[in-house]
Each structure stands twice: as C-alpha cells, then as structure tokens.
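Participant: The lines below spell out each chain.
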Amino acid sequence: DAKTTQPNSMESNEEEPVHLPCNHSTISGTDYIHWYRQLPSQGPEYVIHGLTSNVNNRMASLAIAEDRKSSTLILHRATLRDAAVYYCILEKGSNYKLTFGKGTLLTVNP
Amino acid sequence: DAEITQSPRHKITETGRQVTLACHQTWNHNNMFWYRQDLGHGLRLIHYSYGVQDTNKGEVSDGYSVSRSNTEDLPLTLESAASSQTSVYFCASSESLGLSNNEQFFGPGTRLTVL
Numbered sequence: 019d020a021k022t023t024q025p026n027s028m029e030s031n032e033e034e035p036v037h038l039p040c041n042h043s044t045i046s047g048t049d050y051i052h053w054y055r056q057l058p059s060q061g062p063e064y065v066i067h068g069l070t071s072n073v074n075n076r077m078a079s080l081a082i083a084e085d086r087k088s089s090t091l092i093l094h095r096a097t098l099r100d101a102a103v104y105y106c107i108l109e110k111g112s113n114y115k116l117t118f119g120k121g122t123l124l125t126v127n128p
Numbered sequence: 458d459a460e461i462t463q464s465p466r467h468k469i470t471e472t473g474r475q476v477t478l479a480c481h482q483t484w485n486h487n488n489m490f491w492y493r494q495d496l497g498h499g500l501r502l503i504h505y506s507y508g509v510q511d512t513n514k515g516e517v518s519d520g521y522s523v524s525r526s527n528t529e530d531l532p533l534t535l536e537s538a539a540s541s542q543t544s545v546y547f548c549a550s551s552e553s554l555g556l557s558n559n560e561q562f563f564g565p566g567t568r569l570t571v572l
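Keeping their order, the protein sequence lines are chains D and E. In terms of our numbering, the first sequence has 115 at position 97, counting the first letter as 1, and numbering is strictly consecutive. In terms of our numbering, the second sequence has 519 at position 62, counting the first letter as 1, and numbering is strictly consecutive.
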C-alpha cells in the first residue's frame, strides 16, 4: 500500500492559518487522499478528502499537487479546538479501508 | 440523531478470559470496522465488514474475531485475552458509495486492560 509522510508535530497561533503537509510519492491513480483528526481522548473524525482537484468544506481546504505526490490540509483560522493529531491517509478507490500513520500533532497557542 | 456507540467504555479483564466489545450504529451503514490504538502505532485495522454475513481480516486480526448478523452491530471478541491486547479499541462505520469511502464515523472507544 502507498505510504504517507507527515511531520511529527507542528505549532500554530490562534486565528492564524495552518498548512499541514503530507507527502505520498507512491500514490496510484485510484488512491483517494483523506484527512482525519483526533482530538484528545476521542475517536478520529473526518475532515476532508479528495482525488485530484482541490476541495473545500466548512472545516478545511485540501490542496493537492498537480502530480498528486503531495497534499496540504489548510485550516484557515486555527482555534484552540483545532489542537489534535491530524492524519493524512490514502485509500484505494472502492476499498473503503483506511490505513492510519502516526499523524501530525498540531499545537495551537493562544 | 444517528450515532455509533461502543460498550463498555472501560473494561478490565484477566488473561485467558473471553471478552466481547460491542459496537452499534444507527446510520444504517454497510461498512463497519474495528481498530486498535496503541502508543506509537496510531490506529491499526483489526477486522472489517462490508455487510451482513461478511467479515474480513485486517492488519492485526490474530486473537480477534467478529460476526455480522445484522446491519447495526459488529461485536469484537477476544477469544482468550492476552496482555498484548491491552489497548483502546475504536469501532467505525461508513456508507458504500461506490467510488470512495466518503466518511468513516468513529465511536468513542473502549479502553481495555488485560491483567
């Protein structure tokens, strides 16, 4: 299965934008890019996903490189409630299985 | 509102005992999943099901079994609990939309301690 690489941790200030990077150089044409986050002592929650085009929803934006070998999750204005571990995951099309890595621990400073 | 629940939330058991963790979802989702989460490993897939009577092994299935007799429930059984199975267990469900896994909804987790 294709792997993802994320920084172990990142830090941001409240109300500033946050760009969380993910490398997936071995991605195949049918792999979807998913982002989940896990707040302390909770189960993971879905953030966003995409295939080729950039995606926006109420939580975040997903920017996908043209060659699809990397992507960036963008939180437009970080809040203290956004402090969590963020997982970048590749899913084979119609597979429905998610393989979680270790993710990026995002700290948001007041 | 639709939801996914897990019970018990906390469980302490002894080595060698059989333990069953319950997962119940009211989303009417076809897909259900069990993960375990340990420090330093992230979440790892134990078993999954794409529908009633369907079960599949995940990455770390040894020592675990599941059965899917209806859409709503996927109980996870540890046949003979071992200390290595001390972990936090998460259940999840998702809808089959044909092209991709739109969103997996996760339960609150069960913290299992095997002494």
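Do not rely on the hints blindly, as some may be mistaken.
Not everything, but these chain E residues come out facing chain D in the computed CB check (under 7 Å) [what the hints assert, rightly or not]:
(1) W484
(2) N488
(3) G520
(4) Y521
(5) V545
(6) E552
Lysine-lysine pairs mimicking BS3-like chemistry, simulated, CA-CA at most 25 Å apart [unchecked claim]:
(7) E:K468 / D:K110
(8) D:K87 / D:K120
(9) E:K514 / D:K110
(10) D:K21 / E:K468
(11) E:K514 / D:K87
(12) D:K110 / D:K87
Rather than coming from a laboratory, the hints here were simulated on the basis of the structure. As the structure is a computational prediction, the values presented were derived from the model and not from experiment. The C-beta atom is built at its ideal place from N, Cα and C for all residues, glycine as well.
Participant: Please go over all the hints and tell whether each is borne out by the structure.
Facilitator: Here's how the hints hold up against the structure:
1. Proximity of E:W484 to chain D is violated relative to the hint, the smallest CB-CB distance being about 13 Å (cut-off 7 Å).
2. Look at E:N488: its Cβ gets to within about 5 Å of chain D, closer than 7 Å, so that hint holds up.
3. Of the supplied interface hints, the one on E:G520 is violated, with its beta-carbon coming no nearer than about 20 Å to a beta-carbon of chain D, more than 7 Å.
4. Contact between E:Y521 and chain D, as hinted, is not supported at the beta carbon level, the nearest pair being about 16 Å apart and thus beyond 7 Å.
5. For E:V545, the suggested interface contact is broken, since its CB lies about 9 Å from the closest CB of chain D, more than 7 Å.
6. With a cut of 7 Å, the hint placing E:E552 at the interface with chain D is violated, because the nearest CB-to-CB distance is about 9 Å.
7. With a C-alpha separation of about 34 Å, the suggested pair E:K468 and D:K110 falls outside the 25 Å cut-off, and the hint is violated.
8. In summary, the hint linking D:K87 to D:K120 is supported, as the alpha carbons are separated by about 19 Å, within the 25 Å threshold.
9. Straight-line distance between C-alpha atoms of E:K514 and D:K110 comes to about 17 Å, which keeps the hinted pair within the 25 Å bound.
10. Restraint check: the Cα-Cα separation between D:K21 and E:K468 comes to about 34 Å, which exceeds 25 Å; the hinted pair is violated.
11. Distance check on the hinted pair: E:K514 and D:K87 sit about 29 Å apart at the alpha-carbon level, beyond 25 Å; violated.
12. With a C-alpha separation of about 15 Å, the suggested pairing of D:K110 with D:K87 holds against the 25 Å cut-off.
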